[in-house]
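Undergrad: The lines below spell out each chain.
Protein chains: 2
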Amino acid sequence: MVEASTQVRADLDRLLPLVEPLFTEALQEGEAKRVAEAMRYSLAAGGKRVRPVLCMLAAEAIGSKPERARSCAIALEFIHTYSLIHDDLPAMDDDDLRRGKPTCHIAFGEGQAILAGDGLLTEAFQILATDSNLSPEACVEAVRILSEAAGWRGMVGGQSLDLEGEALTSSGGTYDLEHLKRIHRLKTGALLRVSLELGAIAGSASPLQRGALREAGAALGLAFQIQDDILDATSTAEQMGKRVGKDEGKGKITYPLLLGLEGARLALTEATSTALTHIQSLPNPRSLTAWAHYLAERTA
Amino acid sequence: MVEASTQVRADLDRLLPLVEPLFTEALQEGEAKRVAEAMRYSLAAGGKRVRPVLCMLAAEAIGSKPERARSCAIALEFIHTYSLIHDDLPAMDDDDLRRGKPTCHIAFGEGQAILAGDGLLTEAFQILATDSNLSPEACVEAVRILSEAAGWRGMVGGQSLDLEGEALTSSGGTYDLEHLKRIHRLKTGALLRVSLELGAIAGSASPLQRGALREAGAALGLAFQIQDDILDATSTAEQMGKRVGKDEGKGKITYPLLLGLEGARLALTEATSTALTHIQSLPNPRSLTAWAHYLAERTA
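Here the protein sequences come in this chain order: A and B. With my numbering applied, the first sequence corresponds to residues 1 to 300, in that order. With my numbering applied, the second sequence corresponds to residues 1 to 300, in that order.
Honestly, the hints are just simulated from the structure, not real lab data. Among the clues, some could well be false.
Stated by the list, open to error - Here are the simulated DMTMM-like cross-link-like pairs (lysine to aspartate or glutamate), alpha carbons at most 20 Å apart as the crow flies:
hint	chain 1	residue 1	chain 2	residue 2
1	A	Lys181	B	Glu31
2	B	Lys33	B	Asp94
3	A	Lys33	B	Glu166
Build the full structure now, drawing on both the sequences and the hints.
TA: Structure, rendered in structure tokens:
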């Protein structure tokens, strides 16, 4: 974890206890012990919990309580974790280290890892549908926007485009900034965007507030991905807890590659600034403001 | 397709046009063309459409219209199709032929096939959440029981136990009838069971009717799996459109292996009889009755 501002540390101290127990203690009672163990292994591997925290902060930013967004926050982390498990598979990014630990398929075998991802994705909707604090209308809306953002029109679609792009570049081809933006808008951006929008739904936002949180989320998603690319190009493996420089090693198209390191940093600043404009329109913008700065300045 | 009774053929003629167009014409407009193509490829590969048909017949059996259960029916087939794509992967059952066509990973590569499965699973919940014919309460209930049946407490869990069982038997171990029943109750039974229960929810069943459809679905699920095992042991590849005898070749535990062929046939008759008892308690049992017989007597 990076040096974070006092506000960010205070938010983590307040908010993580609302969701962390679910990541380590859930999924205990089923008959299929092995796949549940693989699901818990990957959930417990930690990471920054950016999506659940942003979701709860979005609810707070409109004057609601973070607890209202708890099931949405947990569902987001389940879906994020499933996407990491599947992305790490040999047929995808083929990574054997994640957050400093063996990836799920290294620890449990490829078959159980595929199933653990499937199980986490499915369970995310179970979590939403069994939250008695959400009205039926809010629950349906949450399922709708989460399944859209996570599916073939969102994250899954982005990963598919990314795989195609890798096949293209490894055979000597290339693609432009517009296509790179499309990949990231879908692959990483869609889930970060709905992280804030789900907080809006759970917190009963007005249409204007929901729109502001959606736009802020889209901009934060872009900023997050640009910073990821910058970090991959400039960090050490020890800082990141995973292989770095792998983008370049794979001939992967990145923001620093297309814009240069300074150009990428400028794009990061612009995206963060867009996010901040929308965040400032909300009744209670303090924490989200601190997080927008933190995400742009993080070193891991 | 097998020789089916007049009733079953009439039901297919009535009901398939309600859902088939979605399997071949959906998923056209996204930015990620390749994964959408892989999803459509597997959806269009056909198969018996047992789950969507049973779902719509369950709504009819309680006096509702099959159209009411249309989105539930489509969601079920999306989830069934995703499970076939992932089950066929090299890390799972490693099949290269399905319904007489190359499996998804053979046609599109392993990475895109994993994503196509992920996309279909996610889209199932999108389909439920965007059906304006379902009340919010019915939609939440449908998401809840479908995610439970499809996830680690159901189908995913059963597939995980099955993988573990294969590892056990391939190293010379074995397991008993109780464990085989558990695997099938989860792996195949759970989704067939909720096929009928989703029809109950969509058709606004009384609690008693819903209970009867749930029990009928559980029994039909068991019957379906026993017949699958019997067919694998006795059919030709031409009849089945996929490799047969593969269970025995892999040392897989099956009903015929544990009970003998006659014992398995007796268990099939018993399960079908249980299903019929529950079906007969409903206001409009004719079609489901014909289907219970058809599923037990099918030859593919």
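Undergrad: What are the numbers of the hints the structure violates, in ascending order?
TA: 2
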